[in-house]
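Trainee: The residues making up each chain are set out below.
There are 2 protein chains.
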Amino acid sequence: MQPTARTSLRRSKERAATDRQALYDVLLDGMFCHLGVVVDGDPLVLPTAYGVDLERGEDGTLYLHGSVAARSMVAAPQQTVCATVTHADGLVLARSAFHHSVNYRSAVIFGVPRLVTDPDEKLHGLNRIVDHLVPGRSLSVRPPNRKELAKTSVLALSLTEASVKTRSGAAGDDEEDLGLPYWTGIIPLHVVAGEPENNPDCDLLVPAHVRTRANLLGAPS
Amino acid sequence: MQPTARTSLRRSKERAATDRQALYDVLLDGMFCHLGVVVDGDPLVLPTAYGVDLERGEDGTLYLHGSVAARSMVAAPQQTVCATVTHADGLVLARSAFHHSVNYRSAVIFGVPRLVTDPDEKLHGLNRIVDHLVPGRSLSVRPPNRKELAKTSVLALSLTEASVKTRSGAAGDDEEDLGLPYWTGIIPLHVVAGEPENNPDCDLLVPAHVRTRANLLGAPS
Chain A
0 MQPTARTSLR RSKERAATDR QALYDVLLDG MFCHLGVVVD GDPLVLPTAY
50 GVDLERGEDG TLYLHGSVAA RSMVAAPQQT VCATVTHADG LVLARSAFHH
100 SVNYRSAVIF GVPRLVTDPD EKLHGLNRIV DHLVPGRSLS VRPPNRKELA
150 KTSVLALSLT EASVKTRSGA AGDDEEDLGL PYWTGIIPLH VVAGEPENNP
200 DCDLLVPAHV RTRANLLGAP S
Chain B
0 MQPTARTSLR RSKERAATDR QALYDVLLDG MFCHLGVVVD GDPLVLPTAY
50 GVDLERGEDG TLYLHGSVAA RSMVAAPQQT VCATVTHADG LVLARSAFHH
100 SVNYRSAVIF GVPRLVTDPD EKLHGLNRIV DHLVPGRSLS VRPPNRKELA
150 KTSVLALSLT EASVKTRSGA AGDDEEDLGL PYWTGIIPLH VVAGEPENNP
200 DCDLLVPAHV RTRANLLGAP S
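For the protein sequence lines, the chains are A and B, in the order given. Going by numbering that gives the first Met the number 0, the letters in the first sequence line up with residues 0 to 220, in that order. Going by numbering that gives the first Met the number 0, the letters in the second sequence line up with residues 0 to 220, in that order.
It is worth saying that the hints were derived from the structure and are not from the lab. If you're wondering where the values come from, they're calculated on a predicted model, not measured in any experiment. Backbone N, C-alpha and C fix where the C-beta goes; we use that ideal spot for every residue, glycine too. One or more hints might be untrue.
What the hints assert, rightly or not - Chain A regions said to be covered by chain B (calculated; three or more residues, Cβ under 8 Å):
| # | stretch |
| --- | --- |
| 1 | 90-98 |
| 2 | 139-147 |
| 3 | 183-195 |
Unchecked claim - Calculated from the model, a selection of chain B residues having no Cβ within reach of chain A, i.e. all distances over 12 Å:
| # | residue |
| --- | --- |
| 4 | Arg19 |
| 5 | Asp39 |
| 6 | Asp52 |
| 7 | Leu53 |
| 8 | Arg55 |
| 9 | Glu57 |
| 10 | Asp58 |
| 11 | Pro76 |
| 12 | Arg94 |
| 13 | Asp117 |
| 14 | Pro118 |
| 15 | Glu120 |
| 16 | Ser157 |
| 17 | Thr159 |
| 18 | Asp172 |
| 19 | Trp182 |
Unchecked claim - Think about it this way: if two alpha-carbon atoms lie no more than 20 Å apart in a straight line, the pair counts; the simulated SDA-like pairs of lysine to any residue are:
| # | chain 1 | residue 1 | chain 2 | residue 2 |
| --- | --- | --- | --- | --- |
| 20 | A | Lys150 | B | Val101 |
| 21 | B | Lys146 | A | His98 |
| 22 | A | Lys150 | B | Glu174 |
| 23 | B | Lys146 | A | Gly171 |
| 24 | A | Lys146 | B | Leu179 |
| 25 | B | Lys121 | B | Ala149 |
| 26 | B | Lys121 | B | Gly135 |
| 27 | A | Lys146 | B | Asp173 |
| 28 | B | Lys121 | A | His98 |
| 29 | B | Lys150 | A | Gly171 |
| 30 | B | Lys150 | A | Asp173 |
| 31 | B | Lys146 | A | Asp176 |
| 32 | B | Lys146 | A | Ser100 |
| 33 | B | Lys150 | A | Ala170 |
| 34 | A | Lys150 | B | Asp173 |
| 35 | A | Lys146 | B | Glu174 |
| 36 | B | Lys146 | A | Glu174 |
| 37 | B | Lys150 | A | Asp176 |
| 38 | A | Lys150 | B | His98 |
Make a model of the complete structure from these sequences and hints.
Mentor: Structure follows, in structure tokens:
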């Protein structure tokens with residue numbers, strides 16, 4: 000990870016964890032990113048799935064995909080994009096309105112994505128995306144055919160220029176507010192999975208890879 | 000809501016719900032947005048809290064806040080921003096890799112934010128943000144003082160130029176894949192709250208507004 004002007008955080012340096020492991024943890028824990036591109040000079044931010052291959056490229060690679068007709072995919076290969084992955088871990092309620100905060104882990108990745116044209120890497124990138132959402136899934140589906148691959152753009156974004164920012168722990172009030180009669184603490188937040196629901200036209204048993212994924216995202220302890 | 004070139008969705012028109020109620024529902028259900036701004040020609044996407052006042056302005060107002068020193072706040076008042084709120088409702092697993100999808104509700108708002116300078120509206124905007132995360136909270140805290148207000152920028156973004164996109168329901172495979180021996184269905188996703196945790200230096204009982212908020216975000220039925 001190479002800190003640049005924009006990834007050397009300008010404020011709250013104590014919240015910046017610049018080691019790669021922190022970046023990988025945020026990416027591997029997440030399911031979706033918000034991808035920012037510039038279209039006609041203005042920002043466009045859209046949610047999208049992603050996949051990760053830590054072994055691909057010098058610093059690892061984030062894979063993105065979309066319809067070849069989508070605006071963000073059309074715009075992206077010619078310009079710098081920003082992919083942001085955020086986990087909201089808790090609402091931080093202080094005694095003062097000012098010190099209210101959020102516990103979170105967030106990764107921001109900048110780069111000019113490479114349009115993946117090699118057929119093997121394209122399939123690899125798509126498998127990484129589907130396996131990121133449900134590990135093992137790519138082995139239990141009909142793989143994309145030539146027509147489907149032609150309809151899909153895959154972008155590879157290097158993890159070289161990236162930063163991670165986190166906040167955790169208790170609320171922090173000013174010394175002079177500690178005696179105020181207001182409750183202070185955390186409301187923890189979690190993303191959890193419900194019971195997998197068969198499609199109406201599917202009477203197969205829920206397979207192990209789907210059950211494992213749902214359990215991994217099970218109710219918080 | 001005024002559909003413009005960028006909010007008249009170019010693809011998947013069947014997923015575009017252009018009525019205001021859908022927009023309000025996504026905003027009122029959400030807790031955080033991803034705010035996109037352009038900095039030195041490149042996109043920057045950061046997560047941030049927001050508040051909503053549907054009565055303020057012709058089409059309602061989204062309030063954002065941040066340190067006066069933060070890049071996104073400094074950049075935003077002079078340019079169009081994009082605020083995106085996303086709910087991920089479920090992983091959609093089809094028999095074919097290609098038809099994998101995500102059930103989601105997403106609102107995208109474009110506009111040039113107005114820097115709020117009127118002290119009453121500034122306090123109002125901040126209260127909307129804290130009450131959006133925990134309804135009633137602004138009445139149970141020490142309000143911001145003059146020094147804290149001076150350190151905080153509040154931006155007002157009109158809800159005029161906005162769009163909502165959603166996907167719900169079962170996976171949709173091609174006719175010729177319906178007989179394939181792969182499980183297909185949904186893994187539902189929910190954001191839930193854990194039990195509120197007192198700060199170590201606070202022995203007050205968890206108040207009703209905090210408990211109500213946590214219960215609202217309780218485990219899925």
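Trainee: Decide, hint by hint, whether the structure agrees.
Mentor: Hint check:
Look at the stretch 90-98 of chain A against chain B: 7 of its residues bring a Cβ nearer than 8 Å to a Cβ of that chain, three or more, so the hint holds. Coverage of the stretch 139-147 of chain A by chain B holds in this model, with 7 residues showing a Cβ closer than 8 Å to a Cβ of that chain against a need of three. Given a C-beta distance limit of less than 8 Å, the hint that chain B covers the stretch 183-195 of chain A holds, as 13 residues qualify and 3 suffice. With 12 Å as the threshold on Cβ separation, the claim that Arg19 (chain B) sits away from chain A holds: the shortest Cβ distance comes to roughly 21 Å.
Distance check on Asp39 (chain B): its Cβ comes as close as 8 Å (rounded) to a Cβ of chain A, failing to clear the 12 Å threshold; non-interface status is violated. The claim that Asp52 (chain B) is not at the interface with chain A holds, since no C-beta of that chain comes within 12 Å of its own (minimum 17 Å). With a least beta-carbon separation of about 22 Å from chain A, Leu53 (chain B) lies farther than 12 Å from that chain, consistent with its non-interface assignment. Interface exclusion of Arg55 (chain B) from chain A stands, the closest Cβ pair being 19 Å apart, more than 12 Å.
Glu57 (chain B), annotated as away from the interface, keeps every beta carbon of chain A farther than 12 Å; the closest lies near 21 Å. Against chain A, the non-interface label of Asp58 (chain B) holds: every CB pair exceeds 12 Å, the least being about 19 Å. The beta carbon of Pro76 (chain B) sits about 14 Å from the closest Cβ of chain A, which is more than 12 Å, so the claim that it is off the interface holds. With a minimum CB-CB distance of about 6 Å to chain A, Arg94 (chain B) fails to clear the 12 Å threshold, and the non-interface call is violated.
Distance check for Asp117 (chain B) against chain A: the nearest CB is about 18 Å away, which clears 12 Å, and the non-interface claim stands. The Cβ of Pro118 (chain B) lies farther than 12 Å from every Cβ of chain A, with a closest approach of about 14 Å, so its non-interface assignment holds. Consistency note on Glu120 (chain B): stated as away from chain A, and its beta-carbon is indeed over 12 Å from all of that chain's, at 16 Å minimum. Every CB of chain A lies more than 12 Å from the CB of Ser157 (chain B), the least distance being 15 Å, so the non-interface label holds.
With a least CB separation of 15 Å from chain A, Thr159 (chain B) remains clear of the 12 Å interface cut-off, as annotated. Listed as a non-interface residue, Asp172 (chain B) fails to keep its Cβ farther than 12 Å from every Cβ of chain A; the least gap is roughly 8 Å. For Trp182 (chain B), the shortest C-beta to C-beta distance to chain A comes to about 5 Å, within the 12 Å cut-off, and the non-interface label is violated. Taking the CA atoms of Lys150 (chain A) and Val101 (chain B), the gap is about 18 Å. The hint holds against a cut of 20 Å.
Taking the CA atoms of Lys146 (chain B) and His98 (chain A), the gap is near 13 Å; set against the 20 Å cutoff, the hint holds. Distance hint between Lys150 (chain A) and Glu174 (chain B) is fulfilled; the C-alpha atoms sit about 18 Å from each other, no more than 20 Å. Restraint check for Lys146 (chain B) and Gly171 (chain A): the C-alpha separation of about 17 Å stays at or below 20 Å, so the hint holds. With a C-alpha separation of about 19 Å, the suggested pair Lys146 (chain A) and Leu179 (chain B) falls inside the 20 Å cut-off, and the hint holds.
Of the supplied pair hints, the one linking Lys121 (chain B) and Ala149 (chain B) holds, its CA atoms being roughly 10 Å apart against a limit of 20 Å. The suggested pairing of Lys121 (chain B) with Gly135 (chain B) holds, with an alpha-carbon distance near 18 Å, which does not exceed 20 Å. Between the alpha carbons of Lys146 (chain A) and Asp173 (chain B) the distance comes to roughly 13 Å, so the proposed pair stays at or under 20 Å and holds. This hinted pair checks out: Lys121 (chain B) and His98 (chain A) have alpha carbons roughly 16 Å apart, not beyond 20 Å.
Proximity of Lys150 (chain B) to Gly171 (chain A) is assessed by CA-CA distance (about 17 Å); at most 20 Å being required, the pair is judged to hold. Distance restraint check for Lys150 (chain B) and Asp173 (chain A): the Cα-Cα separation of roughly 15 Å lies within the 20 Å cut-off, and the hinted pair is therefore satisfied. Taking the CA atoms of Lys146 (chain B) and Asp176 (chain A), the gap is near 15 Å; set against the 20 Å cutoff, the hint holds. Of the pairs offered as hints, the one joining Lys146 (chain B) and Ser100 (chain A) holds, with about 18 Å between alpha carbons and a cut-off of 20 Å not exceeded.
For the given pair, Lys150 (chain B) sits about 19 Å from Ala170 (chain A) by alpha-carbon distance, which is consistent with the 20 Å threshold. Among the hinted pairs, Lys150 (chain A) with Asp173 (chain B) is consistent with the structure: their alpha-carbon atoms are about 15 Å apart, no more than 20 Å. Taking the CA atoms of Lys146 (chain A) and Glu174 (chain B), the gap is near 16 Å; set against the 20 Å cutoff, the hint holds. The suggested pairing of Lys146 (chain B) with Glu174 (chain A) holds, with an alpha-carbon distance near 16 Å, which does not exceed 20 Å.
For a cut-off of 20 Å, the pair hint linking Lys150 (chain B) to Asp176 (chain A) stands: about 18 Å separates their Cα positions. The hinted pair formed by Lys150 (chain A) and His98 (chain B) meets the criterion: a straight-line CA distance of about 12 Å does not exceed 20 Å.
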